[in-house]
Amino acid sequence: MAIAHNLGFPRIERDRELKKGLEAYWKGDIDQAALEKIGKQLRATHWQLQKEAGVDLLPVGDFAWYDQVLTHSLMFGVIPQRHQNKENSISLDTLFAMARGVSNHACNCGINTQALEMTEWFDTNYHYLVPEFAKDQSFKLSWQQLFDEVFEAKALGYNVKPIIIGPLTYLWLGKAKEANFDKLDLLPNLLPLYGQILQKLSSLGIEWVQIDEPILGLDLSQRWKSAFETAYNLLAREPTKKLVATYFSGLEDNVGLACGLPVDGLHVDLIRAPEQLSTILDHLPAYKILSLDVVNGRNVWCADL
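At position 168 of the sequence shown (counting the first as 1) the number is 190 in my numbering, and the numbers step up by one without a gap.
Everything labelled a hint here was simulated from the structure, so no lab data went into it.
Predicted model, so just to flag it, every value in this text is computed and none were measured.
Each residue gets a CB set at the ideal place from its N, CA and C atoms; glycine is no exception.
The reader is advised that the hints may include incorrect statements.
[To be verified] For lysine-lysine, the following PhoX-like pairs were computed, each having C-alpha atoms within a straight-line distance of at most 25 Å:
1) Lys199 with Lys263
2) Lys157 with Lys222
3) Lys62 with Lys41
4) Lys59 with Lys41
5) Lys162 with Lys222
6) Lys176 with Lys108
7) Lys162 with Lys199
8) Lys108 with Lys49
9) Lys49 with Lys59
[Unchecked claim] Derived CB-CB ranges, DEER-like:
10) Pro296 with Ser111: 19 to 25 Å
11) Lys247 with Asn181: 33 to 39 Å
12) Trp48 with Lys247: 40 to 46 Å
13) Leu226 with Val152: 38 to 44 Å
14) Ser111 with Phe203: 24 to 30 Å
15) Pro32 with Lys176: 39 to 45 Å
All chains, full assembly: derive it from the sequences and hints.
This is the structure:
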């Protein structure tokens, strides 16, 4: 049986409602409650549009106030010292300080805070804010947005599939702030948070979780390939069915690695690399679900279904 699902839905809306709401909040024209109401209305509208279009599993976790990598940095407690306030609390204002930088911000280390570095999201025209990792980086489940939105969608009666950026891709996208430090060394400290997330999602009645690992389309060193095997062998012990999603390219030399990961399903991009299908069918175990990207998310025109 074929199941239709969506890797994620554009969050801006057709009339740029989110952009307008954010700008109004930054100017002080609306308060946080009004901004959050705009976000809630957009999510409800997008879920209903997808439901009416025949999508069986609706994405949750694709909405972001700025970008999805920044959302994960808050969720993991990866907050630079300059953006921490005296109470060590995290709020939407923390998120916006990291995204935009703030003058006269009541933080621990001065009145001006520099925003995180921004760079391109793979080879797209979108951008993300680069996580900053210290050698002694600690991780703590600190931001509840994903779980709040799962509650929100399930309260509306939707069958949902949460989306999280995978641990290897998240580390790859960040940068080390100190010399002689390999950010991949942080993986053992980061993985327990993924266990906590999967356990919490399972307790909320979630069956499938989409774990995005687009770096599987890149040229990886043997150390990073081995780290994939280590990480997913540990995550295999956690509840929920796991769909590892790749996109923006074919798997190339990582076909065997991706198909062999101990997960329940694999998503591949047949828009960018349709020629990889036969190779993947040869490598993917029969018990795994194969998810195929057949709608072009880059094209601004309607897809010919």
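Here is how each hint holds up against the structure:
no. : hint                           : in the structure
1   : Lys199 with Lys263             : violated (35 Å)
2   : Lys157 with Lys222             : violated (28 Å)
3   : Lys62 with Lys41               : holds (14 Å)
4   : Lys59 with Lys41               : holds (14 Å)
5   : Lys162 with Lys222             : holds (14 Å)
6   : Lys176 with Lys108             : violated (36 Å)
7   : Lys162 with Lys199             : holds (19 Å)
8   : Lys108 with Lys49              : holds (24 Å)
9   : Lys49 with Lys59               : holds (17 Å)
10  : Pro296 with Ser111: 19 to 25 Å : violated (48 Å)
11  : Lys247 with Asn181: 33 to 39 Å : holds (34 Å)
12  : Trp48 with Lys247: 40 to 46 Å  : holds (42 Å)
13  : Leu226 with Val152: 38 to 44 Å : violated (30 Å)
14  : Ser111 with Phe203: 24 to 30 Å : holds (28 Å)
15  : Pro32 with Lys176: 39 to 45 Å  : violated (22 Å)
The earlier numbered hints that this structure contradicts are 1, 2, 6, 10, 13 and 15.
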